[in-house]
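Visitor: In case you want the letters, here they are:
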Amino acid sequence: MHEWSLAESVITTVLATLEKEKAEEAVEVKVVLGELQQIETDIFKFALDEIKKETKLKDTKFILEIEEAVLKCRICGHEWSYKENLKELDESYVESIHFIPELAHSFIKCPKCGSPDFEVIKGRGVWIEYIKAKKRGD
Amino acid sequence: MDPRISIIDKRLSQIKRIIAVASGKGGVGKSLIASTMALILAEKGYKVGLLDLDLYGPSSHIILGVEKTFPEEEKGIVPPKVKNVEFMTIAFFAEDRPIPLRGDDVTNVILEILSITRWSNLGFLVVDMPPGIGDEVLDAIRFLKRSEFLIVTTPSKVAISTVMRLIKLLVEIKAPVLGLIENMKLIDTDLVIKAANEANIKYLGAIPFDHNLERSIGNPDELLKTEFTNNLRNILSKVLA
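Chains as they are written, first to last, in the numbering used here: chain A, 1 to 138; chain B, 139 to 379.
Since the hints were derived computationally from the structure, they do not count as laboratory data.
Keep in mind that this is a model prediction, so the values were computed, not measured.
There may be inaccurate statements among the hints.
Said to hold, decoys possible - Looking from chain B toward chain A, a few residues come up when the C-beta cut is under 8 Å (computed):
no., residue
1, 144
2, 213
3, 214
4, 216
5, 219
6, 228
7, 231
8, 239
Note that CB positions come from ideal geometry on N, CA and C, so glycine has one too.
Can you build the whole structure from these sequences, using the hints too?
Guide: Below, the structure written as structure tokens:
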């Protein structure tokens, strides 16, 4: 149910941005979901729909895109997909990474050289790609 | 755009005071002071939270004797209660494994923890800060905007010189500093009083080295009965009354 917390963060951020930019309404918002966080898209979408009902975003269209998580070893330069890790990673570790993606460094090692010193070059967590908004008079 | 930043203020909005227990130097007893302080405040009837931000070496769960547990999920993470203290630590998720993090990772972990943890309407959130003046301290200043700093040192020239650097930083950025606690005092010296005077912050008192303290680690009931805790109670009554 961590998805609710993330959905609430997205709604709060869009509302704060509208206020900051003195915009009237958000027409479309694109949210990228990094694969590393293993977001349940259906629950996230449901949470967004439920939370937005109570706000001025009730008619806003949310576009969700899942981004593949790619990791790159800082020691040997090897790049790999988190999908490879998912095949053999203990479920409880996937759950920990779901809450705090940086814990990948505690549970995953470079498949080539065994180092935990890698970077997540894409697909880490939840990100708002853009907000299409209307200002008064637009 | 990172959606986590906007939600943090909301998550902390029901908390009256945030007390960051910091030092700059490791091994001076920050975690013991932070954990015991949370227990003392809960004993007094306050609603209290304890957040262990020492990401590389979390130890509050050892002090409080928290067994392996995974926090309850309810539209985020509900911090489990230990002796009436709402408690959050990265150790819940990392178990005993090493947590090798670089700078940006540290900020990401702190953002994630602060944005998903659903504290109740606390009177106090006590934050156990890591040593140093690196990312965690800078992020605590950035994201835990209302933090009041309680500084801990031992009466050692080696510790004081590093602790003074943290105090100078906090004073420069006008962060509220509640004062300086002298911990593990073994010999008669006024080094810490002089340091507090030099930095123009309050000297809050000394906690003598308690040879029996180690025996109560992992047992909050026993911890509350120690000389260490009695001394800390006296100090806190002056500063958090």
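Visitor: Now tell me, hint by hint, if it's right for this structure.
Guide: Do the hints match the structure? See the list:
1. Given the 8 Å rule on beta carbons, the hint for residue 144 of chain B holds: about 4 Å separates it from the nearest Cβ of chain A.
2. The beta carbon of residue 213 of chain B is positioned within 8 Å of a beta carbon in chain A (closest approach about 4 Å), and the interface hint is therefore held.
3. Below 8 Å, beta-carbon pairs count as interface contacts, and residue 214 of chain B has one with chain A at about 4 Å; its hint therefore holds.
4. Hint status for residue 216 of chain B relative to chain A: violated, with the closest Cβ pair at about 10 Å, above 8 Å.
5. Taken as an interface hint, residue 219 of chain B does not check out: its beta carbon lies about 19 Å from the nearest beta carbon of chain A, beyond 8 Å.
6. Hint on residue 228 of chain B holds. Least Cβ distance to chain A is approximately 7 Å, under the 8 Å limit.
7. Hint status for residue 231 of chain B relative to chain A: holds, with the closest Cβ pair at about 4 Å, below 8 Å.
8. Interface restraint check for residue 239 of chain B: the shortest CB-CB distance to chain A comes to about 6 Å, inside 8 Å, so the restraint holds.
Of the numbered hints stated above, those contradicted by the structure are hints 4, 5, listed in ascending order.
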